[in-house]
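Residue numbers (our numbering), protein chains in the order written: chain F, 5 to 116; chain V, 31 to 183.
Bear in mind the hints are in silico, worked out from the structure with no lab data behind them.
Hints should not be assumed to be uniformly reliable.
Said to hold, decoys possible - Keeping only pairs whose Cα atoms sit at most 20 Å apart, straight-line, the calculated PhoX-like set for lysine-lysine is:
1) F/Lys65 to F/Lys82
2) F/Lys65 to V/Lys42
3) F/Lys16 to F/Lys110
4) F/Lys39 to V/Lys42
5) F/Lys110 to V/Lys42
6) V/Lys42 to F/Lys16
7) V/Lys173 to V/Lys122
8) F/Lys65 to F/Lys108
9) V/Lys122 to F/Lys39
10) V/Lys42 to F/Lys108
11) F/Lys16 to V/Lys37
12) V/Lys147 to V/Lys135
13) V/Lys73 to V/Lys147
14) V/Lys34 to F/Lys16
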Amino acid sequence: MNEIPSAGLYEKALLVLGLRTVYRIEGDSMAPILKNGEEVLVEEGAQVRIGDVVIARHPFKESVEMAKRITAIDANGKFFLVGDNSDESTDSRRFGPVSLEYIKGKVTSRLS
Amino acid sequence: MINKLIKNRDIKIAQAHCDGPCGVYDPASARIAAEAVLSMTKKILDLTPPSDGDSKAMASYLNTMSRYIAIKEEQAQVAKDELLILWTDYFKPVHLESNPDLHDKFWKAAKLCSACKVEVSREHAEELMDAIEEIHGIFWGTKDRDVEYYTAS
Numbered sequence: 005m006n007e008i009p010s011a012g013l014y015e016k017a018l019l020v021l022g023l024r025t026v027y028r029i030e031g032d033s034m035a036p037i038l039k040n041g042e043e044v045l046v047e048e049g050a051q052v053r054i055g056d057v058v059i060a061r062h063p064f065k066e067s068v069e070m071a072k073r074i075t076a077i078d079a080n081g082k083f084f085l086v087g088d089n090s091d092e093s094t095d096s097r098r099f100g101p102v103s104l105e106y107i108k109g110k111v112t113s114r115l116s
Numbered sequence: 031m032i033n034k035l036i037k038n039r040d041i042k043i044a045q046a047h048c049d050g051p052c053g054v055y056d057p058a059s060a061r062i063a064a065e066a067v068l069s070m071t072k073k074i075l076d077l078t079p080p081s082d083g084d085s086k087a088m089a090s091y092l093n094t095m096s097r098y099i100a101i102k103e104e105q106a107q108v109a110k111d112e113l114l115i116l117w118t119d120y121f122k123p124v125h126l127e128s129n130p131d132l133h134d135k136f137w138k139a140a141k142l143c144s145a146c147k148v149e150v151s152r153e154h155a156e157e158l159m160d161a162i163e164e165i166h167g168i169f170w171g172t173k174d175r176d177v178e179y180y181t182a183s
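Here chain V stands alone, though its shape is the one from the complex (with noise of 0.2 Å):
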């Protein structure tokens, strides 16, 4: 009888978990720093000082040179940043059951990071990048979903 009375009742919601939102995660945030991070690092390398005594021409090369070098190091630390979220609040131990060597790919990709802020190396943005595709690969891999990696450049 009670029961009955109480089955049409209004059903509010409260929320037990983390803001987030939760539950989505995207190894994609991550992969268009670390695009970011390999564009700035070619641009580096390709810029050409000017000749001696032009003045303008420095200043110029100079704050296009540090326009580079700081969108490169604010990237890589978003990579980072993003590598380490994915990490530590989507993985869970039950993942390393199929990927036993996970943690080490997530280190060994955010020690990338750390490296492509305070170098310019083609070769450890291009390797950040490989990181970031396998991680990719196994994240997905966990909701057993087959999504295609694609870069933006």
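With the rest of the complex left out, here is chain F (with noise of 0.2 Å):
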């Protein structure tokens, strides 16, 4: 499982160079990696890959972003996002496999 580091001075960089963008974790379907209320660093349109925690929309909310894990690839490109909470999280066992388009970043850092 893919721990997510401290952001360094490298990340606080980007961040300010806006190649990072801040999000704020509500909820505890990635506990214990990340918890409510937690901020990470996040870098949009990045390569992704089994095992990286993401930021995606939700395919049925429009509004809705979500903090998961990619646990699998299926055959046909699509990324299947679960919660590392599992109890407490709604995610591809539900809504089903993702794509891309839905993937907007990778989470790359906490901040706090």
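Bring the two chains, given one by one in their own frames, into a single complex with the hints.
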């Protein structure tokens, strides 16, 4: 399971340059890796692979963005997203795999 | 220096929980369904069959009876579904410490839903209401809130 490092100078510099976006995590579905209220830096449009924690748009709720982990990529290139704390997560087990266009970016570090 | 630069930044929200809407639970939804079950059970028991030979009245009787039965069975299932959501989604192991018989209570309440669905039993429908009232108390107790129990009918 990929750990998420604390943001160092490099990550913070990328944030200042506009190459990272800050997201605040709401909920416990990525606990214990990411806790409710924690802030993370996200590289939008990053290359993603299995094991990465990503920010993805909810396939049925346009305004909702979620933090989930990519656990598999199917034969059609769709991403299976699951919360680490699966008891408290609505994810691909419910809404199915999502295509790349729904993946906003990769969580690269934690800010707080 | 860099911490100053990144201080005033836009923050987006990433949800990491269940749709749900997460955290919105209330035994009232089970109670409303159980009330419908009790009401339909009473109506079924009170419905008088027409005298022999009156086919029009018999058709009306069967139609009404069928509707009562359909609603009773549907609402008994709704009550069961709502109870199972509370049981499996809301309640956590920590709640068992203060309510060690929680599993037994939900199991029996779910069984009562099944009984009410299959039978025409005023007794079981009333027992289901009592079980839900008890769950109401336990549920709000876990939130340290004193929420008054009431029924719509």
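Failing hints, ascending?
none
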